[in-house]
Structure formats: structure tokens, C-alpha cells
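Peer 1: Model the full structure from these sequences, guided by the hints.
Protein chains: 2
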Amino acid sequence: MRWMSHPPFQVEQLAIVGVGLIGGSIAAAARSRQLAKRILGYGRNPSRLEAACKLGVIDDFGTEPSALKNADLVVICTPVDQIARDVQMALGAIPETALVTDAGSVKGAIVDSVFQNAPRSVQYVPAHPLAGSHLTGFEHSTPTLYVNRMCVITPTSQNRKEDVAAIHQFWRGLGMRTCEMSAEEHDRILALTSHLPHLAAAVVASMVEEPMLEFAAGGYRDTTRVAAGDPGLWTAIFRENRSQMIEAIDRMMRSIGEFRNALATDDTSAMKEFLSSAQRKRERYRDQGQSGE
Amino acid sequence: MRWMSHPPFQVEQLAIVGVGLIGGSIAAAARSRQLAKRILGYGRNPSRLEAACKLGVIDDFGTEPSALKNADLVVICTPVDQIARDVQMALGAIPETALVTDAGSVKGAIVDSVFQNAPRSVQYVPAHPLAGSHLTGFEHSTPTLYVNRMCVITPTSQNRKEDVAAIHQFWRGLGMRTCEMSAEEHDRILALTSHLPHLAAAVVASMVEEPMLEFAAGGYRDTTRVAAGDPGLWTAIFRENRSQMIEAIDRMMRSIGEFRNALATDDTSAMKEFLSSAQRKRERYRDQGQSGE
Numbered sequence: 001m002r003w004m005s006h007p008p009f010q011v012e013q014l015a016i017v018g019v020g021l022i023g024g025s026i027a028a029a030a031r032s033r034q035l036a037k038r039i040l041g042y043g044r045n046p047s048r049l050e051a052a053c054k055l056g057v058i059d060d061f062g063t064e065p066s067a068l069k070n071a072d073l074v075v076i077c078t079p080v081d082q083i084a085r086d087v088q089m090a091l092g093a094i095p096e097t098a099l100v101t102d103a104g105s106v107k108g109a110i111v112d113s114v115f116q117n118a119p120r121s122v123q124y125v126p127a128h129p130l131a132g133s134h135l136t137g138f139e140h141s142t143p144t145l146y147v148n149r150m151c152v153i154t155p156t157s158q159n160r161k162e163d164v165a166a167i168h169q170f171w172r173g174l175g176m177r178t179c180e181m182s183a184e185e186h187d188r189i190l191a192l193t194s195h196l197p198h199l200a201a202a203v204v205a206s207m208v209e210e211p212m213l214e215f216a217a218g219g220y221r222d223t224t225r226v227a228a229g230d231p232g233l234w235t236a237i238f239r240e241n242r243s244q245m246i247e248a249i250d251r252m253m254r255s256i257g258e259f260r261n262a263l264a265t266d267d268t269s270a271m272k273e274f275l276s277s278a279q280r281k282r283e284r285y286r287d288q289g290q291s292g293e
Numbered sequence: 001m002r003w004m005s006h007p008p009f010q011v012e013q014l015a016i017v018g019v020g021l022i023g024g025s026i027a028a029a030a031r032s033r034q035l036a037k038r039i040l041g042y043g044r045n046p047s048r049l050e051a052a053c054k055l056g057v058i059d060d061f062g063t064e065p066s067a068l069k070n071a072d073l074v075v076i077c078t079p080v081d082q083i084a085r086d087v088q089m090a091l092g093a094i095p096e097t098a099l100v101t102d103a104g105s106v107k108g109a110i111v112d113s114v115f116q117n118a119p120r121s122v123q124y125v126p127a128h129p130l131a132g133s134h135l136t137g138f139e140h141s142t143p144t145l146y147v148n149r150m151c152v153i154t155p156t157s158q159n160r161k162e163d164v165a166a167i168h169q170f171w172r173g174l175g176m177r178t179c180e181m182s183a184e185e186h187d188r189i190l191a192l193t194s195h196l197p198h199l200a201a202a203v204v205a206s207m208v209e210e211p212m213l214e215f216a217a218g219g220y221r222d223t224t225r226v227a228a229g230d231p232g233l234w235t236a237i238f239r240e241n242r243s244q245m246i247e248a249i250d251r252m253m254r255s256i257g258e259f260r261n262a263l264a265t266d267d268t269s270a271m272k273e274f275l276s277s278a279q280r281k282r283e284r285y286r287d288q289g290q291s292g293e
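Residue numbers (my numbering), protein chains in the order written: chain X, 1 to 293; chain R, 1 to 293.
Calculated directly from the structure, the hints in this document are not laboratory data. Only a predicted model underlies this, so the values are computations on that prediction, with no experimental measurement involved. Idealized CB from N, CA, C, for every residue including glycine. It is possible that some hints are incorrect.
From chain X, some residues computed to sit far from chain R (all C-beta separations above 10 Å) [stated by the list, open to error]:
1) G62
2) S66
3) A67
4) A118
5) S121
6) P143
7) R172
For lysine to aspartate or glutamate, the following DMTMM-like pairs were computed, each having C-alpha atoms within a straight-line distance of at most 20 Å [stated by the list, open to error]:
8) R:K37 <-> R:D60
9) X:K37 <-> X:D60
10) R:K37 <-> R:E12
11) X:K161 <-> X:E180
12) X:K272 <-> R:E209
13) R:K69 <-> R:E12
14) X:K272 <-> X:E258
15) R:K54 <-> R:E139
16) R:K272 <-> X:E209
17) R:K161 <-> R:E180
18) X:K272 <-> R:D230
19) R:K69 <-> R:D59
20) R:K272 <-> X:D81
21) R:K272 <-> R:E283
22) X:K69 <-> X:E96
23) R:K272 <-> X:D230
24) X:K272 <-> R:D81
25) X:K161 <-> X:E96
Peer 2: Written out as C-alpha cells, the structure reads:
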């Protein structure tokens, strides 16, 4: 791989597999920060990829694995249930000096599948850039989507140190902060910080029928916002993170059950204590200044 | 009561009991729309009320019921667990021609308490203006808080038609839309559109410990936002709307349980159907254009 020996990170050819909002925004950020000399888009739909070329999101595109034969770095940006397959496809197509990373919001199942099955899995360094949008399609790409956001890198013991360092450099080059943890820890944390909030939003949204919407105010609006997210993508996320998600759901149901019990028995101090604890935690988030609030 | 015979609604003296964000915003809107010639603030804390006078939110203030003796309309803006008591206080102090309304987000328990206990309860027309803010205090008052928002009026069979019509005129005079329903229906709907979203937000917030906050993104931020609300106020709301809230919690737990089951048994189509239904409902809300999204 033709890495620059020091930051700033730069490669000859960056390939993006799955040129949607995520892939397109990575391409846009890589271009504006000059992380790659050429950016190749890879996907199934030539007319969409051609449109992305015309818009200047990518320089060129391919729909067959052989298109990746000169890539230095491949970033897999497909839905989580396709990532393991696409990582393996890329590993089979790229030079031995190249690397693969991804943007999947679940890690354990993907990492297990790739490292158990793929011959050259050592060239894959898993990652999850924590940013997104309810918008879809490369037309909404923005080079600033990742600025100051966190990217979690979840290498395995098989990965080479220098490859992991290079992948840190890549995501940092897009303007992100990076950190490392195991895929399992990532999935346990994200179940609570992302996947469970999505389920809660969907459950609340599903309970409010259309005639009631006139009586919804700010609490409904914010709490349910992410329920507008793509059902297919989220079904895949929940399935890929099944065991951590079930544990999180069970904890949530216990917590709701305890509150219900406090309400039914008029245990005012238990109710207030619970709401105060939630308030304190939420205020710490705001105070960290990540929320833009 | 010295109503103008036709809209625009105007009274000589409007009294606001509880001059916080809600009461202050009603005062500010009433002033800017010339609904009252004088606005009186009522509360327990003279120094706060004096500060509200100096800021021009109210013209004068009182801390004893006798201060309300010349009021034409009293709006009770105290926390929901104090409203029934304050309505009764006001009913005992005002002229027989005056009216009382309120801004409480729960109606059944308050209406029952007032109409069972108070001699002049017929002068009380219950209401709930659907707007609010996570901010508190009259310093954050704004005359636009209620513009184009819905106000639900929940009269009883004892209320006089002309009084109910006058209260519609008052809330409309602040820039609101109004509608009428029973207190019970109001509480059933608001349990789903407001109180349950708050509980869900608090439950999700309570599960994310501080070290994890770095890995929270937009889904956590929005879904938990209202969990920053005042624990005392919300404990009171849950208690006042206990039976509807317990029913809503039980429905929510069944819904979560069904999703958990679909996830555990890998029933992909059930998961996707559930998320699609939630998405459709949420998109209808956005399409109604109330959300500002």
C-alpha cells in the first residue's frame, strides 16, 4: 500500500463500495481533504453510479470486483447485512498491499464472519464512524458529515499494528476523532446509545394513530424523529446485533416495569428519583457539547 | 364579565396564577394582542413577581386571594398537582361574572376534583394549550409560544355554553387553534402523544452511563431530549394521569415484547412490518407540517 509515511494520509486510489449518503459523504470529505488522488465508486446500479460521477462525488465507477484491482483502500458503505459479503468480495479483488475498512453500525457479526471465512481477512480493519442522517442517496452527501464525530475502530488480534494505525489516520483524515475497542464492546455500547433509542422511538410512534397527531407537541416530535428511518436498514441492524439488543430490551423492560410499579403504588419518591437520574444523565450529554443544544 | 360581544376577545383585568414560562408567555401574548387592559400576576414569591413586573411581563401582582377580586379572567399556570387547589382558590376570590381557565397538561383528575368540591365550579372552563419548552421561568417568556398551536378545551356538562365560547375566544385570541373533547379523552390521547414519549425518553436516557455518552449520536440526542425536563413536574403529570398512563405503559410493554420475540425468533418480516408501520405514522406527522421538519 502506498501510504505516506506520516500524516496527512493519502492514497492513490480510494474505492467506495455503496455510494449512498454515507459512501458519498466519505468520498466528498476525502476529496475536499485530498486523502486520495482518485475516488472509485463501486455498486450494482450503473446509472446511479454514473449520476454520482456527473455530480463529481466519484471520479469513476465499476460494477465488477475486478474494478477494485488497483484500489489502495476500500471503504464498504453498504447496509450492515451486506458488509461481510462485500468485505470478502473486496479482499478477493484488491492487491495484497491494500486495506479494507467499513462504516457498519454493528461490528461483532461482521468481524466474526469475515475473520472466520475470508483468506485475506487480515487486510480488513473494521470501523464505525458515528454519524448519519435520515436522508438517503449520494445527492445528500456532505463533506462535513463526519467532522468532529467519533469513529470506533474494532481491530482483531490478527490485524497488523501498522494497518490499524493507517486506518486511524484515514478516519482522522476525514476530520473524525478515533478510538479503539473490541467489536463486542462496541456492539454492547451501541445497543444502548443508538439501537435501543431507535426501537423506543419506533414503539412510541407506532402507538399514536393519525387522528391523534394533531395533539402531538415537541415531546412526540423529538422522541420519535428517528422512527422515520429506513425499516430495512434497521431490521438488519437489529438482527446483526441480536444478542446485545435482546439484553438491552430486557433491561429496558425491567426499567419500564419498575416505573409502572412505582406509579401504580404511588411511590412518588421512586418516580422522582428515576426521572432525576435520567435528567442528570441527559444533562451530562448536553454539557459535553456534542449535542449542539 | 365584561366580554366584548364579538371577537376580538378583551377583558379589563386578566390574572395569571403562576408566573413562570407558561404563565409569562400567556401574559406576553395577551399583552401583544391586547386581550386585556391590565395583567395581574399571582403567586407566592413577591420578589419574583416584582421582577416580572419590572420586566413588563405583568402590570401588578398579589400574593393573597383578595388580589383576584377584580379579575375578569384567571388563568391557572401552576404545576398540575397544584391546579385543582388554585382553581378553587380563584373561584372563591373572583366576581360571580368572572371565569377561570388553566393550562394543565392533565385534565380528568383536576376537573373531577374541582367539580366535586367547589361551590362555583361552573365558572371554571378547563383547558390545555399544547405548547411548552424545556426552559423555565418568566425570563424565557415569549408571546409566540402558542401561535398556531392547539388548545384542547374540556368543558363539563355543567359549564354554560357562553362561558365555553368565551374561553375558546380567549385561547384563540392568543393565536391558538382550539378544539373540544372530554377530559377523559384528552388524558387518553395525551398519555400517548406526550406522557409516554417522556417516559420512553427518560428510560433510554437512564440506561446510558456517562462513559458511553461519547458514542451517542443523533438518535440518542433526539430520542432523549425531553428527559431533561423537570422531574417534579413530570412526576406530578404521571400521577395525575395515572390510570391512562398505566394503560399506555402496558400497551408499550406488549409492543416491545412482541418486537423482542420477533427478534429472538428471527421473524424478519414481523420486525420490518413493525418498523414500517412506525415509519408511516411518523411520516404522516411530518407531512402535517406541524413538526417544523
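Peer 1: Against this structure, judge whether each hint is valid.
Peer 2: Results for each hint:
1. With a closest Cβ-Cβ approach of about 31 Å to chain R, G62 of chain X is found to remain outside the 10 Å limit, as its non-interface label requires.
2. Residue placement check: S66 of chain X keeps its beta carbon more than 10 Å from all beta carbons of chain R (closest about 33 Å).
3. Separation of A67 of chain X from chain R is adequate, the least Cβ-Cβ distance of about 31 Å exceeding the 10 Å criterion.
4. Once the 10 Å rule is applied to beta carbons, A118 of chain X is consistent with being away from chain R; the minimum gap is 24 Å.
5. Annotated as non-interface, S121 of chain X keeps its C-beta farther than 10 Å from every C-beta of chain R; the closest such distance is 25 Å.
6. Every Cβ of chain R is farther than 10 Å from the Cβ of P143 of chain X; the closest lies at roughly 18 Å, confirming the non-interface assignment.
7. Even its closest Cβ contact with chain R, about 16 Å, leaves R172 of chain X beyond 10 Å, as expected for a residue assigned away from the interface.
8. Between K37 of chain R and D60 of chain R the CA atoms are separated by roughly 12 Å; this keeps the pair inside 20 Å, and the hint holds.
9. Between K37 of chain X and D60 of chain X, the direct Cα distance comes to roughly 12 Å. Compliance with the 20 Å bound is thereby established for this hinted pair.
10. Distance check on the hinted pair: K37 of chain R and E12 of chain R sit about 5 Å apart at the alpha-carbon level, within 20 Å; holds.
11. Of the pairs offered as hints, the one joining K161 of chain X and E180 of chain X holds, with about 12 Å between alpha carbons and a cut-off of 20 Å not exceeded.
12. At most 20 Å may separate the alpha-carbon atoms for a hinted pair to count; K272 of chain X and E209 of chain R meet this at roughly 19 Å.
13. A threshold of 20 Å between alpha carbons decides the hint, and for K69 of chain R with E12 of chain R the separation of about 13 Å falls inside it, so the pair holds.
14. Pair hint K272 of chain X plus E258 of chain X holds up; C-alpha atoms about 12 Å apart against a cutoff of 20 Å.
15. Pair hint K54 of chain R plus E139 of chain R holds up; C-alpha atoms about 11 Å apart against a cutoff of 20 Å.
16. Between K272 of chain R and E209 of chain X, the direct Cα distance comes to roughly 19 Å. Compliance with the 20 Å bound is thereby established for this hinted pair.
17. Under the criterion of a C-alpha separation no larger than 20 Å, the hint pairing K161 of chain R with E180 of chain R is consistent with the structure, at around 12 Å.
18. About 9 Å separates the Cα atoms of K272 of chain X and D230 of chain R, which keeps this hinted pair within 20 Å; it holds.
19. Distance check on the hinted pair: K69 of chain R and D59 of chain R sit about 16 Å apart at the alpha-carbon level, within 20 Å; holds.
20. Of the supplied pair hints, the one linking K272 of chain R and D81 of chain X holds, its CA atoms being roughly 14 Å apart against a limit of 20 Å.
21. Restraint check: the Cα-Cα separation between K272 of chain R and E283 of chain R comes to about 16 Å, which is no more than 20 Å; the hinted pair holds.
22. The suggested pairing of K69 of chain X with E96 of chain X holds, with an alpha-carbon distance near 10 Å, which does not exceed 20 Å.
23. Taken as a hint, the K272 of chain R and D230 of chain X pair is honoured in the structure, with Cα atoms around 9 Å apart against an allowance of 20 Å.
24. For the hint pairing K272 of chain X with D81 of chain R, the CA-to-CA distance comes to about 14 Å; that is within 20 Å, so the pair holds.
25. About 16 Å separates the Cα atoms of K161 of chain X and E96 of chain X, which keeps this hinted pair within 20 Å; it holds.
Hint check: no violations occur; every hint is consistent with the structure.
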